[in-house]
Structures are given as C-alpha cells and as structure tokens.
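Engineer: The lines below spell out each chain.
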Amino acid sequence: MIRIAIALFVALAALPLLGLPDYFLHLGIATMLSALSFTGWALMGRFGLVSFGHGAFIGIAAYTMALLWNEVGLSPWLGVPAGVALAVAAAALLAYPCFRLRVVGHYFALVTLAAGEIVRILIIALRDHTGGSLGMTPRLAPDNSFAAMQFDKHGFWWLAVAAWGFGILVWWWIDRSMSAKALAAISEDEDAAASIGIRVTREKMMITLISAGLAALGGALGAQYRLYLNPESLAGIGISLQIVFGALAGGMYSMLGPTVGAAFTIALEETLRVSFGTAFIGAAPLVYGVLLVLFILFLPRGIVGWFERKRWAPRVGR
Amino acid sequence: MDPFLLEAIVNGILLGGVFALPVLGLNLVFGVVDVVWLCYAELVMVGMYCVWFLYTQAGWPLIAAFAACLPVVAGLGLLLHQLVVRPLLSSPPITQVLATGGVLFILQGGAMLIFGTDFRSLGVEMPPMEVGEIFVSGTKLIAFVAALVGAGLLWTFLKFTYVGTAIRAIARDREVMPLMGVDPRRIYLVASAIGGTLAGLAACLLVVQLDVHPFIGLSFGPITFMICVMGGLGNMLGGFLAAFLMGVIISTGGFWWNTEMSYVVAFACFIVVMFARPRGLFAR
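If you read the sequences in order, they're chains E and G. Numbered according to my numbering, the first sequence spans residues 1 to 318. Numbered according to my numbering, the second sequence spans residues 1001 to 1284.
Derived from the structure by calculation, the hints contain no laboratory data. Glycine residues also receive a C-beta, built at the ideal position from the N, C-alpha and C atoms. Each hint should be verified, as a subset may be incorrect.
What the hints assert, rightly or not - Derived list of chain G stretches under chain E, where covered just means 3 residues or more per stretch with a C-beta under 8 Å from a C-beta of chain E:
| id | segment |
| --- | --- |
| 1 | 1008-1019 |
| 2 | 1076-1088 |
| 3 | 1101-1111 |
| 4 | 1253-1265 |
Said to hold, decoys possible - To give an idea of the interface, some chain G residues facing chain E are shown, with a C-beta separation under 7 Å as derived from the structure:
| id | residue |
| --- | --- |
| 5 | V1036 |
| 6 | T1095 |
| 7 | V1176 |
| 8 | P1222 |
| 9 | F1225 |
| 10 | M1226 |
As the list claims (entries may be wrong) - Dumping the calculated SDA-like pairs for lysine to any residue here, alpha-carbon to alpha-carbon at most 25 Å:
| id | chain 1 | residue 1 | chain 2 | residue 2 |
| --- | --- | --- | --- | --- |
| 11 | E | K181 | G | T1095 |
| 12 | G | K1159 | G | S1091 |
| 13 | E | K181 | G | L1070 |
| 14 | G | K1159 | G | F1282 |
| 15 | G | K1159 | G | M1180 |
| 16 | E | K181 | G | P1092 |
| 17 | E | K181 | G | P1093 |
| 18 | E | K181 | E | T201 |
| 19 | E | K153 | E | L169 |
| 20 | G | K1159 | G | V1176 |
| 21 | E | K181 | G | S1091 |
| 22 | G | K1159 | G | M1177 |
| 23 | E | K153 | E | L140 |
| 24 | G | K1159 | G | L1070 |
| 25 | E | K181 | E | G48 |
Next up, chain E with everything else stripped away, as it sits in the complex (with noise of 0.2 Å):
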C-alpha cells in the first residue's frame, strides 16, 4: 500500500505542471485536506476509538490561525502550528480523563459529540471576534501573500500535497510500530492488553493526540485555502459527521481508504451541485444519508476495503 501512496504523491506533486484548469486543481487541494483530515480521524476510529469531536479539533485551530493573523499580524506560517497546538492541547483536556475513567464506546462517542458543540457554540457566542454565525475571512494581505500564506492555486497545491503526504507518512509510521499491535489489543480486550503489561491510557492519549493534530492541520490548512471560516462548517456535530462519513466510505482500516473516501465525497458533491444546483436544496444531505446508510449496511470496510477483500480473497488466512 505504501508504493501505491508514494505512486500517488510523485503524480500528485507533478500534476499542476500539466497545466490543469483552476476548477480541477481547486476540487484537487479541497480532496487533499480533507482527506488529510480524515486519515486523522481513521487513525483513532479503526481502533474503535469514534470520536464524533473532531469538529471541535478542527475549529479550534481555523479560528486561532484566522484570530492571530486578523487581531496580532502573526502569519499563518507560525499561526497553523499554533491553533494545532492548541487543537491537541484540548484533545488532551478531553481525552486524558475519559481514558482514566475508562469512558468508552457510546460514552466515549456522545462526551466528544458535546466538545464539538461546545466549540461550535463559543465561536457563535463570541461573535465580536469570530463574526459569530455568518463567518470570518482572514484579512487579505496582497503584497505580503507569502507571508500571508495566500497564494494562487498551483502554490496551494503543493502545500496540500505536502500536509497530505505528511499524514500518509504518520499512518505509515504508526503502522510499523508497536503501538498499533498495542492499540490493536486494546481495541479488542482493554482488561486483557492492560495484562499483559500495555500501558493502555498512554497508548490511546498518543493516538488521540496524534489523530486530533493531524485532523485540526487539514481543517487549518482548508479553511486558510477558502480563505473564509464559518462555525458551521468547521465546528460541531456537522463537520463530525461528514469525517466520520467520509472515513467510513472509503475504508477506515487501510492507509489510502480515507482519501479515497474524500475524493469520492467530494466528487459526490460537486455532482449534487452541478446537478441540482439550487433548485433541489436539500437533494445533497438526502442523498448523502442514504449513501452513508447503504455504506454501513452492505460496505462495511467501505471502497478500499471491498477492493482489498477482492484481491485477496483466493488467499487462505489475511
């Protein structure tokens, strides 16, 4: 799977130099970041860890880059690590009492649920500096646009492809390590891996940590490339979802499968809105739930996974 990803990242990083139109190259980055975001999210759900906060992940570090760069001048550059800081730092407020307490499964799902909410409800509340409901734009800066982090569409790309290889690589290294065996039993038993001497909280605050980080990095970087930040769409129980769904379609157990999930939810998307348009609000969600539903039902381990199970079903054992 990793020659397929470095495949991918060598053709992704050539791409722009086809000269492709704006219209393709901006569906490109909004794929990239967001699957970053949901190779994140996979990175805790397929050890069974579902987190519906990562909403609150994502917010957290949008508003503090856009806040520090609106209110104190500080570039994205500095700001991104910043509000992704910030963004793990809550996710170790949230996460290191429920795994003390051992607060799991549907518990563990509706505590991280009311985190996102909480977010999403103190960005609205604190509107003289977020512009509450109706969004923020990070002031333009067109003669300073490095430092800004503002360029045109070919220099986003590259960024993308960096932030999205970046997560890939963290997958991959969390992959050979002890650790996702250690998560792996964890996931099965906690009584039993605790046993045989796996230091259980420490194993799930790292993943955690790690997976809020990488999720709050893609929400950073999205809502700096749209250059427009709304708690709607970066915080609270909607955005949840959408990672989660996203996750989910693609395969939360393989490395690729979440990106293919963002390119598939993307793609799905665009062609709701091109072919609806405005004359059948509500015709996106509508089928969006029933995919998610269909999903879940028939393609449990979503696209990857089904291809997967193909190719290796001949084989005896995995």
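With chain E fixed as given, assemble chain G onto it according to the hints.
Structural biologist: This is chain G only, laid out in the frame that chain E set:
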C-alpha cells in the same frame, strides 16, 4: 429572591419538562435495543412538520393534527428499527450509531426538499400568565403538564402491563429473557414504536413553542443526548431528573450571561459530570 432569577428557574423547570420526553424515549430505546438513535431529534422535527402541515395547510383542527402526529412518528420509529437498526444488531455499537447518523442526514435533506428552509410557525400563542410576581408562558406551562402526563403514562405502562414488565426485564438482562419465553424481536419493535410515539408527543409540545425548520433538530438534539448520558444511558428516572437539572442550568445561565454561553456552560457541566461520574449522575 430576585424575581427575574425566580422566573429563570421556573422557566428552566418548564424547559426541563420539554427535554424530558425525548430523553425518556431515547433512554427506552437504548435500554431495550442497546442502540443510540442519533437521529432522534430529527424524528421530532418530522413530527413538528406533520402537525404544521395538517394544521395550517390541510386545515385540520389542532387536536386532530396532534393525534395524527403520534402514529406517524411511531411508524417512522418502527421503520427506522426494521430497515436500519435490525440488520445491524450484531454489529459493533458504533456502526449502529453511525447508521442512525445517516438517517439524520436523510430526514434533514428530506425536510429541506419538501418544505424548504423557511421557518414555519403554527401561529398559536397563548397570553402569559401572571403568578405572584413572575410571568409564565401559557404554552410552556401546558407543554410541561403534558410532558408530565406523558411520562406518567409511560411509567404506568412499564409498571403495570405484561409487555411493560417484559420491556423492563429485557433492559435488565438481555440473555436470560429469551429463555423465559419473551421474544426480544417483538419487544424491540414495541420499544421502537413507543420511542417514536414519545418523539411525536415531544413534537406536539415543541411545535406550539418554536418555529419548525429542517435544522431544528440540531438545536436540541445534542443537549438531549447530553441529558441522557448525564442521567445514565438507559436509566429512565436518572434521565428524567437530569432533564430538569439541565433545563435549570440553561435557563439560569441565560439569566447570568446570554443564551449561547448558557449552552456552553451546560455542555461543560456535562463533561465535568462525565469525568466525576462516568456512568451518569444517578448510576447505582
């Protein structure tokens, strides 16, 4: 005491009454079927549209619209169970939650497609009543009383009928009950139907207080889940009490700060409670 604070507390208790019905419904379904219906607030939304449509568009009397709303949402609950939850009963819990999350998008999208994104109002308003030094909204008071009556009926049903006893037994021990001659699949169906009925009842009470729009579920859905978890998932009495607690927190929070901050405080309270009592405030 400051009359405004008193008014906030009274309003909080009335608000808790409105939260109580969906909380009971969710807890019943969770306790029996062991699945969280993430789209529960959207079922309430469908019920609200149902009442609105029958009353303002079809010209039915309000009581008839209410009466029609209950079986419609109950049927929807049955459909949800049969089509989505039942095939996933042996899947990991999180898959089940996600599937009902998909239904959330379906209902939201469907409502947008049929009714558009406009806010729809019944246009029924009762004058506020003056009790002592404070004002109490008449519609809220009626909704509160109706919620209590609904909860009482549910309690009576669970306590004094054969099916109710079976429901309580299966919530207590899922493995043993089938050996005692109770068909769990039938009980699941009954619980889903009752869960839907409670959503319909909540819809009747909400539609006279709030304008209905496709996203209304998002405004009280998350808080409903928080209340359920705070009281202990599946714990009916705990959820019922937590509903009033949360109502008062939100209402008095609105008195000291503003409405949004009061929700932030309520969610933060929830997270703190989760850390202090991971199995819920009223866990045994």
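Engineer: Each of the hints needs a verdict: does it hold here or not?
Structural biologist: Evaluated hints:
| no. | hint | result |
| --- | --- | --- |
| 1 | 1008-1019 | violated (count 0) |
| 2 | 1076-1088 | holds (count 3) |
| 3 | 1101-1111 | holds (count 11) |
| 4 | 1253-1265 | holds (count 5) |
| 5 | V1036 | holds (6 Å) |
| 6 | T1095 | holds (6 Å) |
| 7 | V1176 | violated (22 Å) |
| 8 | P1222 | holds (5 Å) |
| 9 | F1225 | holds (5 Å) |
| 10 | M1226 | holds (6 Å) |
| 11 | E:K181 x G:T1095 | holds (22 Å) |
| 12 | G:K1159 x G:S1091 | violated (31 Å) |
| 13 | E:K181 x G:L1070 | violated (50 Å) |
| 14 | G:K1159 x G:F1282 | holds (20 Å) |
| 15 | G:K1159 x G:M1180 | holds (18 Å) |
| 16 | E:K181 x G:P1092 | holds (20 Å) |
| 17 | E:K181 x G:P1093 | holds (22 Å) |
| 18 | E:K181 x E:T201 | holds (15 Å) |
| 19 | E:K153 x E:L169 | holds (24 Å) |
| 20 | G:K1159 x G:V1176 | holds (20 Å) |
| 21 | E:K181 x G:S1091 | holds (22 Å) |
| 22 | G:K1159 x G:M1177 | holds (17 Å) |
| 23 | E:K153 x E:L140 | holds (16 Å) |
| 24 | G:K1159 x G:L1070 | holds (22 Å) |
| 25 | E:K181 x E:G48 | holds (13 Å) |
The structure shown violates the earlier hints numbered 1, 7, 12 and 13.
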